[in-house]
Amino acid sequence: MTEPLLSIRDLTVRVGRADTAPAILDGVSLDVAPGETLGLVGESGSGKSTLGTAVLRLLPPLLDAGTTGRIVWRGRDLLGLPRRAMRRIRGGEVSMILQDPMSSLNPVQTIGAQLREALRRGGRGDLHAAAVAALVEVNIPSPAERLRGYPHQMSGGMRQRVVSAIGLAQDPHLLICDEPTTALDATIQYQFLELLKTLRASHGMAMLFITHDFGVVSRICDRVAVMYAGRIVETGPVREIFARPRHPYTRALLASVPSTDHAPDRLPVIEGQPPTVGNRPAGCPFHPRCAHATDRCRTVPPETVVGPSHLVRCWHPQETPL
Amino acid sequence: MTPAPILEARDLSRTFRVRGGNLHALSEVSLSCSPGRSIGIVGESGCGKTTLNRLLLQLDRPTSGEVLFRGVPLPRLDTAGRHAYRRAVQPVFQNPYSSLSPRMRVRNIIAEPLLATGTATRAEAWRRVDEVLEQVGLSARAGDRVPSEFSGGQRQRIAIARALASRPELLLLDEPVSSQDISIQAQILNLLKDLRAEYGLATLFVSHNLATVRFMCDEVVVIYLGRIVERGPAARICTAPQHPYTRALLAAALPADPDAHADTTPPMGELPSPLSPPPGCPYNPRCPHARDICRAERPALASRHDGLVACHVAHEGGI
Chain A
1 MTEPLLSIRD LTVRVGRADT APAILDGVSL DVAPGETLGL VGESGSGKST LGTAVLRLLP
61 PLLDAGTTGR IVWRGRDLLG LPRRAMRRIR GGEVSMILQD PMSSLNPVQT IGAQLREALR
121 RGGRGDLHAA AVAALVEVNI PSPAERLRGY PHQMSGGMRQ RVVSAIGLAQ DPHLLICDEP
181 TTALDATIQY QFLELLKTLR ASHGMAMLFI THDFGVVSRI CDRVAVMYAG RIVETGPVRE
241 IFARPRHPYT RALLASVPST DHAPDRLPVI EGQPPTVGNR PAGCPFHPRC AHATDRCRTV
301 PPETVVGPSH LVRCWHPQET PL
Chain R
1001 MTPAPILEAR DLSRTFRVRG GNLHALSEVS LSCSPGRSIG IVGESGCGKT TLNRLLLQLD
1061 RPTSGEVLFR GVPLPRLDTA GRHAYRRAVQ PVFQNPYSSL SPRMRVRNII AEPLLATGTA
1121 TRAEAWRRVD EVLEQVGLSA RAGDRVPSEF SGGQRQRIAI ARALASRPEL LLLDEPVSSQ
1181 DISIQAQILN LLKDLRAEYG LATLFVSHNL ATVRFMCDEV VVIYLGRIVE RGPAARICTA
1241 PQHPYTRALL AAALPADPDA HADTTPPMGE LPSPLSPPPG CPYNPRCPHA RDICRAERPA
1301 LASRHDGLVA CHVAHEGGI
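These protein sequence lines are chains A and R, in that order.
Position 5 (the first sequence) corresponds to 5 in the numbering used here; numbering is contiguous.
Position 67 (the second sequence) corresponds to 1067 in the numbering used here; numbering is contiguous.
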């Protein structure tokens, strides 16, 4: 197996330095290989965005101080890196695009100014030509005109494409995408995912794709990690997870999504709601909502290998197909 | 014989005067909500879904066309009729963070429509609050608290309880689950379906998500740039759509299956500005099947199979 690009080990993010402080992320480990797209799925509050933000060391100071574990990027632990070195990686080797393009872009600067700022750091020669080329790459018509325009003059889909052009300006090895299509309409989301696939291939980059939508995962990801209450509960190749989900939470989530193919009378539901950060249950965090829970689930389950690259953290992994 | 509709829209149009011309938010939309029926309105942002909802709630007035409550146009309802309309037609909005007053106790939030329409005395209203809280899966104790003490899913339950309090006949649901987490969405959808079955409620379900509409509705109305482009039974719309736009929406409704079939009609292009809609069929610039006639003449909404579709190509024998 090739050396992973990003290797996260036992990453814990607490609200402050104290050992007793509530943990937003609790012992998360994962790898991203070069060129691979790893999906990070979970509901709000599961810690998926915290994980993406932690990789870039952009957490608020309180959380950054409460971060322990290792985030190894191409052999170097980012948690021990001096600020200057981290700044070079951020937006350079590792880049990020966020959910809301309107708040990622500066409303009072032209598209061109914002794009050139990103390109300048890479030390490209002719910035204007590079900016035009960057817009062409993300399929923006009449790029020279658009460079003189402002974000509010564009549609949401076009703004998100500008954001990705900025994110790709320095040819990153890893692009962290935090729900980049959630604010987009269905047909525009479809087009944006297709564009990301093209860009991923042409730049040969890996992606960490944060989303709550299994449809998006199946469209763009190679592997997926399912998060619940600050932990990864199941991880594996996309096909494997969809065909043979083993964790009761993954199974229940997949079953509860309506489909255009058939309409059951009722959707299977997960009763209750996810725990808040301060009130996470001991042991397996899902056990109070789990139909298969036993006394044993009050202790932390080990990570079990249940298939090729398929890991699950559960005392009672389910066998039957979904 | 279908029962008489509760609420009916006839040739509803709404044009807003804005800088740069007239914005046709909604054009010639007709539909009717009958007891026990559930209609889904599907379309993307800017298609006029919310304008339609506002017109049906009389929060806005149509430029032309009319909304009828039990056969009487809304502006011509007398006082008793207006009260009956306000009682019978209840909205649930998308965002329960902005649709519930943060300063009121849940009990007062739910009782307000009852007291405002004069349908209940205070004592009756408090009893009714406890009843509806239980129906939506909350305890009566929730009534003493304020919205900020509840999660998003619980808030949406409170909003549904408020809508149910006056024993409505029709719920207008504007994207009621799209701000919720997946596991909570399923809970709310099931709840709405149960309530509908139990009380024979009619529902109008506005959504951008075809899968949700398939689960919730008997009939689907697809709107594009303010016009109905297709309508028909939910199951058929989701399996054999006739309009290229409906097909694009279906292709864009990504299934949770990496081996799902490759799409024959991927969605192309973006929504044109509603200020200058294209001549002919409003969908023609994005349509992979567009012909000369599509650019020249707007197709009429005419029957095909078991529904209606506005598409030249579909009427000439399909795609």
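Hints are computed from structural coordinates only; laboratory data are not their basis.
Beta carbons: idealized from backbone N, C-alpha and C, even for Gly.
A portion of the hints provided could be inaccurate.
Only part of the chain R face toward chain A is listed, based on derived beta-carbon distances under 7 Å [unchecked claim]:
{"id": "1", "residue": "E1044"}
{"id": "2", "residue": "Y1097"}
{"id": "3", "residue": "S1098"}
{"id": "4", "residue": "P1102"}
{"id": "5", "residue": "N1108"}
{"id": "6", "residue": "F1215"}
{"id": "7", "residue": "A1240"}
{"id": "8", "residue": "D1257"}
{"id": "9", "residue": "P1267"}
Now the hints, each set against the structure:
no. : hint  : verdict
1   : E1044 : holds (4 Å)
2   : Y1097 : violated (13 Å)
3   : S1098 : violated (17 Å)
4   : P1102 : violated (19 Å)
5   : N1108 : violated (25 Å)
6   : F1215 : holds (4 Å)
7   : A1240 : violated (12 Å)
8   : D1257 : holds (6 Å)
9   : P1267 : holds (3 Å)
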